[in-house]
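Build the full structure now, drawing on both the sequences and the hints.
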Amino acid sequence: MGYWGYKLFQSDHAYDLIEAIEDDANLPIHFTRNDAEKTTAQRTLNSGLLARLSAKYEAEVATHKLILLVALAMEVGATISTELLQKTKTKNANLGIPDQAREQMKDGAGGQPANGSNYVMINMYPRVSCCADEFVLDPSVVINAMRARQQQEAAQRQQQQQTQQQAGVGPFCHTCRKTQAQLQNNRILRRCARCLTDGLVYCSRECQRKDWKRHKKVCKAAKGGEGAE
Numbered sequence: 001m002g003y004w005g006y007k008l009f010q011s012d013h014a015y016d017l018i019e020a021i022e023d024d025a026n027l028p029i030h031f032t033r034n035d036a037e038k039t040t041a042q043r044t045l046n047s048g049l050l051a052r053l054s055a056k057y058e059a060e061v062a063t064h065k066l067i068l069l070v071a072l073a074m075e076v077g078a079t080i081s082t083e084l085l086q087k088t089k090t091k092n093a094n095l096g097i098p099d100q101a102r103e104q105m106k107d108g109a110g111g112q113p114a115n116g117s118n119y120v121m122i123n124m125y126p127r128v129s130c131c132a133d134e135f136v137l138d139p140s141v142v143i144n145a146m147r148a149r150q151q152q153e154a155a156q157r158q159q160q161q162q163t164q165q166q167a168g169v170g171p172f173c174h175t176c177r178k179t180q181a182q183l184q185n186n187r188i189l190r191r192c193a194r195c196l197t198d199g200l201v202y203c204s205r206e207c208q209r210k211d212w213k214r215h216k217k218v219c220k221a222a223k224g225g226e227g228a229e
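Each residue of the sequence shown is one higher than the last, beginning at 1 in full-length UniProt numbering.
Heads up, a few of these hints could be off.
Said to hold, decoys possible - Below, computed lysine-lysine pairings styled on BS3-like, alpha-carbon distance capped at 30 angstroms: (1) Lys210 / Lys178; (2) Lys87 / Lys56; (3) Lys38 / Lys65; (4) Lys106 / Lys38; (5) Lys56 / Lys213; (6) Lys38 / Lys213; (7) Lys87 / Lys65; (8) Lys56 / Lys89; (9) Lys91 / Lys106; (10) Lys38 / Lys217; (11) Lys65 / Lys89; (12) Lys89 / Lys106; (13) Lys216 / Lys178; (14) Lys65 / Lys91; (15) Lys213 / Lys178; (16) Lys106 / Lys65; (17) Lys38 / Lys89; (18) Lys178 / Lys217; (19) Lys38 / Lys178; (20) Lys38 / Lys87; (21) Lys216 / Lys65; (22) Lys213 / Lys91; (23) Lys178 / Lys65; (24) Lys106 / Lys87; (25) Lys217 / Lys56; (26) Lys38 / Lys91; (27) Lys38 / Lys56; (28) Lys178 / Lys106; (29) Lys65 / Lys217; (30) Lys65 / Lys213; (31) Lys56 / Lys216; (32) Lys56 / Lys178; (33) Lys91 / Lys56.
None of these hints come from the bench; they were simulated from the model.
Right under this line is the structure:
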């Protein structure tokens, strides 16, 4: 999908980074389903998670992730220190993002984030022009589009495996792409028994971990089930 606007949360890249932030946080912050999850995100960020993640991204020079982390903290009403806000202003000024996104973050960091109460940044989901018409981009449209893409990718992976099996290639590790014949040291291919699809195949725990960020979208283990066989 690429860009569908030029604000902070209007590109595939931004949503990939938001997913990575939520993975690091181990809880939903932007993709919350109800007020209870939003409150949990706020309290967890306030308990020290925001400070730890901001220090991590600053050390990694992951400036875009740092900017989005602060925006997410504003969105759920987390308490943001004066020091972190100042760093955000400085880094935002030099970040290679669209001017509208930079101005949006500048306005947010320069205003009052209303610490302690739910706060949505001004124009987080703004009106965007499409030909001569105006429409409001509903966040649920974006989330549903992402879920549809994930399901499509899972179906494509399954079809690829079936095609190779029919061609006599046999199953292969979804991460390193090795077949059973190519494996060494008595390793064998194992199927993930808890996938929402028919299961993906891996040659080792290491390969399964490397693919987990993508795999967890279709794996019951991410929803409290067991992992691979």
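Do the hints match the structure? See the list:
Taking the CA atoms of Lys210 and Lys178, the gap is about 15 angstroms. The hint holds against a cut of 30 angstroms. Proposed proximity of Lys87 and Lys56 is supported: the alpha carbons are some 14 angstroms apart, at most 30 angstroms. Only pairs whose Cα atoms come within 30 angstroms are accepted, and Lys38 paired with Lys65 is accepted, the gap being roughly 20 angstroms. At most 30 angstroms may separate the alpha-carbon atoms for a hinted pair to count; Lys106 and Lys38 meet this at roughly 24 angstroms.
The hinted pair formed by Lys56 and Lys213 meets the criterion: a straight-line CA distance of about 19 angstroms does not exceed 30 angstroms. A distance of roughly 22 angstroms separates the Cα atoms of Lys38 and Lys213; the hinted pair therefore holds under the 30 angstroms criterion. Of the pairs offered as hints, the one joining Lys87 and Lys65 holds, with about 13 angstroms between alpha carbons and a cut-off of 30 angstroms not exceeded. Of the supplied pair hints, the one linking Lys56 and Lys89 holds, its CA atoms being roughly 18 angstroms apart against a limit of 30 angstroms.
The straight-line distance between the Cα atoms of Lys91 and Lys106 is roughly 10 angstroms, inside the 30 angstroms bound, and the hint therefore holds. Restraint check for Lys38 and Lys217: the C-alpha separation of about 21 angstroms stays at or below 30 angstroms, so the hint holds. A threshold of 30 angstroms between alpha carbons decides the hint, and for Lys65 with Lys89 the separation of about 14 angstroms falls inside it, so the pair holds. Annotation: proposed proximity of Lys89 to Lys106 holds, straight-line Cα distance about 6 angstroms (limit 30 angstroms).
Taking the CA atoms of Lys216 and Lys178, the gap is near 21 angstroms; set against the 30 angstroms cutoff, the hint holds. The straight-line distance between the Cα atoms of Lys65 and Lys91 is roughly 11 angstroms, inside the 30 angstroms bound, and the hint therefore holds. For the given pair, Lys213 sits about 20 angstroms from Lys178 by alpha-carbon distance, which is consistent with the 30 angstroms threshold. This hinted pair checks out: Lys106 and Lys65 have alpha carbons roughly 16 angstroms apart, not beyond 30 angstroms.
Note on Lys38 and Lys89: the hinted pairing holds, with a Cα-Cα distance of about 25 angstroms set against a maximum of 30 angstroms. The suggested pairing of Lys178 with Lys217 holds, with an alpha-carbon distance near 23 angstroms, which does not exceed 30 angstroms. In summary, the hint linking Lys38 to Lys178 is not supported, as the alpha carbons are separated by about 42 angstroms, beyond the 30 angstroms threshold. For the hint linking Lys38 to Lys87, the alpha-carbon distance of about 25 angstroms falls within 30 angstroms, and the restraint holds.
For the hint linking Lys216 to Lys65, the alpha-carbon distance of about 21 angstroms falls within 30 angstroms, and the restraint holds. Of the supplied pair hints, the one linking Lys213 and Lys91 holds, its CA atoms being roughly 28 angstroms apart against a limit of 30 angstroms. Restraint check: the Cα-Cα separation between Lys178 and Lys65 comes to about 34 angstroms, which exceeds 30 angstroms; the hinted pair is violated. With a C-alpha separation of about 11 angstroms, the suggested pairing of Lys106 with Lys87 holds against the 30 angstroms cut-off.
A hinted pair counts as satisfied when its Cα atoms are at most 30 angstroms apart, and Lys217 with Lys56 qualifies at roughly 25 angstroms. For the proposed pair Lys38 and Lys91, the alpha carbon gap of about 27 angstroms is at most 30 angstroms, so the pair holds. About 23 angstroms separates the Cα atoms of Lys38 and Lys56, which keeps this hinted pair within 30 angstroms; it holds. Between Lys178 and Lys106, the direct Cα distance comes to roughly 48 angstroms. Violation of the 30 angstroms bound is thereby established for this hinted pair.
This hinted pair checks out: Lys65 and Lys217 have alpha carbons roughly 21 angstroms apart, not beyond 30 angstroms. For the suggested pair Lys65 and Lys213, the alpha carbons sit about 17 angstroms apart, so the restraint of at most 30 angstroms is met. In summary, the hint linking Lys56 to Lys216 is supported, as the alpha carbons are separated by about 24 angstroms, within the 30 angstroms threshold. Taking the CA atoms of Lys56 and Lys178, the gap is near 35 angstroms; set against the 30 angstroms cutoff, the hint is violated.
Our distance criterion of 30 angstroms between C-alpha atoms is met by Lys91 and Lys56, whose separation comes to about 15 angstroms.
Hints 19, 23, 28 and 32 from the earlier list are contradicted by this structure; the remaining hints agree with it.
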